[in-house]
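Q: Work out the full structure, taking the sequences as your base and the hints as a guide.
Residue numbers (our numbering): 6 to 766.
If you're looking for bench data, these hints aren't it; they were derived computationally from the structure.
No residue lacks a Cβ here, since even glycine has one placed at the ideal position from N, Cα and C.
Heads up, none of these hints are tricks.
Listed next, the in silico DSBU-like pairs over lysine-lysine satisfying Cα-Cα at most 30 Å (straight line):
#	residue 1	residue 2
1	Lys293	Lys345
2	Lys345	Lys258
3	Lys76	Lys137
4	Lys340	Lys305
5	Lys293	Lys276
Pairwise CB distance ranges, derived in the manner of DEER restraints:
#	residue 1	residue 2	range
6	Arg734	Asp348	41 to 51 Å
7	Pro448	Gly344	27 to 37 Å
8	Ile497	Glu287	30 to 40 Å
9	Ile497	Thr371	32 to 42 Å
10	Glu671	Pro343	46 to 56 Å
11	Pro487	Glu697	24 to 34 Å
12	Arg493	Ala746	43 to 53 Å
13	Lys136	Thr531	35 to 45 Å
14	Ser450	Arg265	43 to 53 Å
15	Thr63	Arg493	48 to 58 Å
16	Arg489	Ala274	44 to 54 Å
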Amino acid sequence: MNLIPDDVTGKPASRAKRPASTEPGVPASPSTAASPVPSSPLATPTLTAGVASVTHLTEKLSEYLSAADLKKVKEAYRFSDEMHLGQVRKSGEPYISHPIAVAEICADWKLDAQAIMAALLHDVMEDQDVKKEELIERFGAPVAHLVDGLSKLEKIEFQSQIEAQAENFRKMLLAMASDVRVILIKLADRLHNMRTLDVMAPAKKRRIAGETMEVYVPIAHRLGLNNIYRELQDLSFAHLHPLRYHVLAKAVKAARGNRREVVKKILEAVKNTLASADIEAEVYGREKTLYGIYKKMRSKHLSFSQVLDVYGFRVVVNTFQECYVALGTLHSLYKPMPGKFKDYIAIRKLNGYQSLHTTLIGPYGTPVEFQIRTQEMHRTAESGVAAHWLYKTGDTSMTDLQQRTHAWLQSLLDIQQQTGDSAEFLEHVKVDLFPDSVYVFTPKSKIIALPRGATPIDFAYAIHTGIGDHTVGVNINGESVPLRTELRNGDIIEIITDPQSRPSPGWLSFVRTGKARSAIRHHLRTINLPESIALGKQLLAQALAVANIDPELPEPLAERLLNESSAKSLDELYADIGIGKRMAALVARHIFGLIGGESAAMPVDHNSAAELDPVTICGSEGVSVQLAQCCLPIPGDGIIGQLRRDQGLLVHTNDCSVGKRQRQKEPDRWIPVKWGHDINRRFDVRIKLLIENEKGILARVAAEIGESDANITFVGMDEDAEHVLHQLRFTVQVKDRVHLAGLLRNVRKVAGVNRVLRERS
6 MNLIPDDVTG
16 KPASRAKRPA
26 STEPGVPASP
36 STAASPVPSS
46 PLATPTLTAG
56 VASVTHLTEK
66 LSEYLSAADL
76 KKVKEAYRFS
86 DEMHLGQVRK
96 SGEPYISHPI
106 AVAEICADWK
116 LDAQAIMAAL
126 LHDVMEDQDV
136 KKEELIERFG
146 APVAHLVDGL
156 SKLEKIEFQS
166 QIEAQAENFR
176 KMLLAMASDV
186 RVILIKLADR
196 LHNMRTLDVM
206 APAKKRRIAG
216 ETMEVYVPIA
226 HRLGLNNIYR
236 ELQDLSFAHL
246 HPLRYHVLAK
256 AVKAARGNRR
266 EVVKKILEAV
276 KNTLASADIE
286 AEVYGREKTL
296 YGIYKKMRSK
306 HLSFSQVLDV
316 YGFRVVVNTF
326 QECYVALGTL
336 HSLYKPMPGK
346 FKDYIAIRKL
356 NGYQSLHTTL
366 IGPYGTPVEF
376 QIRTQEMHRT
386 AESGVAAHWL
396 YKTGDTSMTD
406 LQQRTHAWLQ
416 SLLDIQQQTG
426 DSAEFLEHVK
436 VDLFPDSVYV
446 FTPKSKIIAL
456 PRGATPIDFA
466 YAIHTGIGDH
476 TVGVNINGES
486 VPLRTELRNG
496 DIIEIITDPQ
506 SRPSPGWLSF
516 VRTGKARSAI
526 RHHLRTINLP
536 ESIALGKQLL
546 AQALAVANID
556 PELPEPLAER
566 LLNESSAKSL
576 DELYADIGIG
586 KRMAALVARH
596 IFGLIGGESA
606 AMPVDHNSAA
616 ELDPVTICGS
626 EGVSVQLAQC
636 CLPIPGDGII
646 GQLRRDQGLL
656 VHTNDCSVGK
666 RQRQKEPDRW
676 IPVKWGHDIN
686 RRFDVRIKLL
696 IENEKGILAR
706 VAAEIGESDA
716 NITFVGMDED
726 AEHVLHQLRF
736 TVQVKDRVHL
746 AGLLRNVRKV
756 AGVNRVLRER
766 S
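A: Right, dumping it as structure tokens:
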């Protein structure tokens, strides 16, 4: 996936030569732009752009910028026009039309002069090799920093295209974390590119549209920019599935005519009812976006004729109290559908959105959705963070929405500090862009919003990284529950911590938020670094032995390896192998190629590799080596190791059914392991007894386990009133397989025990 694609442009081979005149004037041909939102609430976004000129931009800016700021913007325009002279877009229009259109979209949000200047200059560093120092000298450091945050990384060599794309995206998001104007300008840039995407080749259209849907649409939603969010969705849908888009557009157009009378009747009834209740309100119909209709058809397996709520209605009132009065008035007009009321005013969405949502049974039995909100809520719903602009002169206090946005941007910096590479950073951020949320409470009644599917571990890390790291238990609504429990709306969460506790690799299998995932991985990398280095060194030595290469690499060879693998030291390389981030076999192939052989020709005799000295396991290595819970291996069992990415080595028994299935999926991640000598610890093992349910049986079995020098950590019983025989389950701690065999023999002799066996996965 290309994360920051080229603009819809044809780029010249080199920086345009500056003409003698310093007043280049307006481009000769019309430029492309459009307003950032559809002109009508019922309109769908068009796939072509309208006409924009620098005159139109100046008129918009003069409405809210001072004469001095307007002069600076004109200087930025002249410089951009000069730099892009001779450069054209794929459509054949002068390239300057694109920066003007981006600046116009930003002007609709009433962004400040610095942001407008950056919008006009956003491509001069990338396309025309203008240096940051030159922009600082001409337009000041803030504008230069904005332009730099919008420019791709051109001068760094990456191992792969994916890595380069991920790094570009990380640069943009981190620039956005320090100044949210970066992403607003980038969204305006992307919106104009999507509006003018028709001239591109079909494959490139699909690639850019797919990336927009995957990355930029969620960001727009997360920042509450709903107009941009909806238009980008529809434009992406049109280019990803053009046939479906046009068929659906035609069906909506036909339905619009068929339902005109129904809409008119509802509008008149609602206006009259609200007026009779002395509520001053704006009432208008709104149409679902084509993508919204398509998504509902797909998710609920409906035909278009079955999607009844294509139309909705919005009621905009003056005060907070009137929202609830209007709700009661509407419920007296039409019957509400049970379970279809949502109060996003009392508990607003994560992106600041507030409204009352209710679905009523309208005329002819048709479900009709109503959204009720104030004017202020409406501005926030449509323009998100841009509705309460952070950079307005004299407005130093932050709104709740700004505080939420600031907290999210700050979390990006936290994830950046704990993340190993760009691709992983991108993975964590995309997880946090998940739109659905669940709202839970701290014991002091503070609301915390988390992605749906979040667990108490996510909640703990959302409060503070230190709390997450030391979590040992949780009470939800006063009851103790497992840490992997999925949180639900309204839960009251109390985290139990222990200063001696540390994160478990197993948490990575169920945590939901990017912050929790990055913090756990960071801990596993740093706290267990010596263990990971030792394990990685052993694994690489084993892989090198296949090709008869000495594991003690000469210094020149080691330097070349580090330069080409982007690792800072051999210890870092060994640690990456030890935690499963790099595969020892692939690193060995790379070394084989550096020595002079063809890496593809390196011997890969898995049988001979299995005969080499396996990795020795003692069970006390810490979290870098884990014993699989599905089979609970103990000394004496035949074992095999699975290298999991960023989680180290997981040890299974050879006959574990779970391990066998996973080996079929990823055979390259399995290595030979063996038990060490002089192991001085005990291991959990599960046993199952088939017993006669008679008085004293549990006490007799427990006593025999104690007499066998084993400790009980869990006991459970399957209740079955219809049968005489019952199943009794224990988890006991034993030294090894011999110790377990003796315990099973002794328990089998207890009166009332019919059968006893070790329980497998």
